[in-house]
Amino acid sequence: MSGAGGLTLPVLRVALYEGRGARPLDGAHRFAVMQTLLEKGYRVTRIGSGDASRRPDDGNSLAVLGRFTEPQPAEAVGDAGGRVWFRDIGDETPDAVAALVEAIRAECEVHEPGGWKPWFPVIDFDRCTNCMQCLSFCLFDVYGVSKGGQIQVQNHDNCKTDCPACSRVCPEVAILFPKYRHGPIHGGEIQADDVRREAMKVDISALLGGDIYAALRDRSAKAKSRFSKERDEERALKERQKCLVKLQENLDIPAEVLASLPTLDEIQAKAEAAKTRAQAAIDAAAARQEG
Amino acid sequence: MSETGSSPAAPNLVYCRCAYARVVPRKVKDGVLEALADAGVDFDAVPDLCEMSARKDPRLAEIAGGKDVTIAACYPRAVRWLFSSAGAPIDKERVTILNMREETAEAVAAAMVDRKNGGER
Ligand code: SF4
Ligand code: SF4
Chain R
1 MSGAGGLTLP VLRVALYEGR GARPLDGAHR FAVMQTLLEK GYRVTRIGSG
51 DASRRPDDGN SLAVLGRFTE PQPAEAVGDA GGRVWFRDIG DETPDAVAAL
101 VEAIRAECEV HEPGGWKPWF PVIDFDRCTN CMQCLSFCLF DVYGVSKGGQ
151 IQVQNHDNCK TDCPACSRVC PEVAILFPKY RHGPIHGGEI QADDVRREAM
201 KVDISALLGG DIYAALRDRS AKAKSRFSKE RDEERALKER QKCLVKLQEN
251 LDIPAEVLAS LPTLDEIQAK AEAAKTRAQA AIDAAAARQE G
Chain A
1001 MSETGSSPAA PNLVYCRCAY ARVVPRKVKD GVLEALADAG VDFDAVPDLC
1051 EMSARKDPRL AEIAGGKDVT IAACYPRAVR WLFSSAGAPI DKERVTILNM
1101 REETAEAVAA AMVDRKNGGE R
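Chains as they are written, first to last, in the numbering used here: chain R, 1 to 291; chain A, 1001 to 1121.
Because the hints were derived from the structure by calculation, they are not lab data. Beta carbons are placed, not taken as given, at the ideal position from N, Cα and C, and that holds for glycine. Do not rely on the hints blindly, as some may be mistaken.
Below, simulated DSS-like cross-link-like pairs (lysine-lysine); rule was C-alpha separation at most 25 Å, straight line [what the hints assert, rightly or not]: (1) A:Lys1067 x R:Lys117; (2) A:Lys1067 x R:Lys40; (3) R:Lys117 x A:Lys1027; (4) R:Lys147 x R:Lys270; (5) A:Lys1056 x A:Lys1067; (6) A:Lys1027 x R:Lys40; (7) A:Lys1067 x A:Lys1092; (8) R:Lys40 x R:Lys117; (9) A:Lys1056 x A:Lys1092; (10) A:Lys1027 x R:Lys147; (11) R:Lys147 x R:Lys40.
What follows is a list of derived Cβ distance ranges for each label pair [said to hold, decoys possible]: (12) A:Thr1096 x R:Gln248: 35 to 41 Å; (13) A:Glu1093 x R:Ala259: 44 to 50 Å; (14) R:Ala106 x A:Glu1102: 25 to 31 Å; (15) R:Cys131 x A:Asp1091: 24 to 30 Å; (16) A:Lys1067 x R:Gln150: 28 to 34 Å; (17) A:Glu1102 x R:Ser260: 32 to 38 Å; (18) A:Glu1102 x R:Val77: 23 to 29 Å; (19) A:Arg1094 x R:Lys275: 40 to 46 Å; (20) R:Ser260 x A:Val1023: 19 to 25 Å; (21) A:Glu1102 x R:Ala74: 40 to 46 Å.
Please model the complete structure; the sequences and the hints are all you need to start from.
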């Protein structure tokens, strides 16, 4: 699913309340309840002291769960105006507790957690030189430019899950994907060797024709012409596959992403538009420096 | 819910579950959660700090601005820039980031619980 929209909607938070007026959970029960709620995408705050009658919510919806020894209202208004629900969880199983929380979420109509793997580039501004190569490269409008002319990640949920390709075109190794398998892209410290190796990856894209999308286009165009001239369907397919495999291997682009690329004409148009935006940002930055 | 005025909604121990990926070894993330739950300390467990960053969750600014905050998540460089990109830059002096991708559950849990106990003298 795309996380579009879900990124701005409010969420339901959960407080596991074990202060005055509630019996504490034992460690194993506390662990199991928190583990289950976390896996379902709920943020859980464990609170072991205080007074359940105070409701320092943050204006969002809050579910307060506890083994209450004092009566609590089913629902109240929090200190910051958010809605607060109280539920006695007694010795309920973690799944039953999760069902209580799900019911509250349905009632308050906030966004259902999960469903989107938060995968997007994160820029290390200690390294970034604002060269805009990432903006030129990305076909999915993930990058943009701030009012101050700085590169930014603007459309996180446009990013293609598990595709770290833009990190490979960054000459400064400044793009991280925290959920990537390998370093330094996962955020591990950068060694001199990493910089050399990442630079090689960029060279590989050069090897493919200076611009991997251009390469993709050219190869495919060649394949197409061969197909029309020679009616050699198999060869055309092989040619294209060879290029795709090379891209996949060298830039670690998932096959699904390549399969979902726009048509060649759209790629051309998008690549041109992205390059124009990048150039405009570079020009504006230069003008600002001169001024 | 606190009478002291310090918001219980903002404990200074933060645990990231990394719920939507398998990059943090299950043994480590379960081990740390179990140890925190057993220790009976107050803490904030979040499903995914990356998602909070994309959402620009205001809680990130609370964490970043807190005193003696310890975050159990992944590589410190990644966590730092995730906070920064959400407009909540981390003060390195006040926030410690523990890496559950590289460290053992015992080491992360001990660092968190010890800090908590030390901080509550
Ligand atoms: S390619 Fe790298 S250095 Fe260039 S703007 Fe993007 S993140 Fe910054
Ligand atoms: S911050 Fe690290 S540990 Fe947490 S969700 Fe993101 S990648 Fe996973």
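Going down the list of hints, with the structure as the test:
1. A:Lys1067 x R:Lys117: Distance of about 30 Å is beyond 25 Å: violated.
2. A:Lys1067 x R:Lys40: Given that 25 Å is the threshold and the Cα spacing comes to 29 Å, the pair is violated.
3. R:Lys117 x A:Lys1027: holds, 21 Å
4. R:Lys147 x R:Lys270: holds, 22 Å
5. A:Lys1056 x A:Lys1067: holds, 21 Å
6. A:Lys1027 x R:Lys40: Cα-Cα ~18 Å, so holds.
7. A:Lys1067 x A:Lys1092: holds, 11 Å
8. R:Lys40 x R:Lys117: holds, 13 Å
9. A:Lys1056 x A:Lys1092: holds, 20 Å
10. A:Lys1027 x R:Lys147: Violated: Lys1027 (chain A) and Lys147 (chain R) sit about 44 Å apart, past 25 Å.
11. R:Lys147 x R:Lys40: violated, 37 Å
12. A:Thr1096 x R:Gln248: 35 to 41 Å: Distance hint for Thr1096 (chain A), Gln248 (chain R) holds at roughly 39 Å.
13. A:Glu1093 x R:Ala259: 44 to 50 Å: At 47 Å between Cβs, range holds.
14. R:Ala106 x A:Glu1102: 25 to 31 Å: Roughly 39 Å apart at Cβ, these two residues miss the hinted range, so it is violated.
15. R:Cys131 x A:Asp1091: 24 to 30 Å: With Cβ atoms ~29 Å apart, the hint holds.
16. A:Lys1067 x R:Gln150: 28 to 34 Å: Given range 28 to 34 Å: holds, Cβ gap about 30 Å.
17. A:Glu1102 x R:Ser260: 32 to 38 Å: holds, 33 Å
18. A:Glu1102 x R:Val77: 23 to 29 Å: Because 44 Å falls outside the window, the suggested range is violated.
19. A:Arg1094 x R:Lys275: 40 to 46 Å: holds, 42 Å
20. R:Ser260 x A:Val1023: 19 to 25 Å: holds, 23 Å
21. A:Glu1102 x R:Ala74: 40 to 46 Å: holds, 45 Å
Violated hints, listed in ascending order, are 1, 2, 10, 11, 14 and 18; each of the other numbered hints is respected by the structure.
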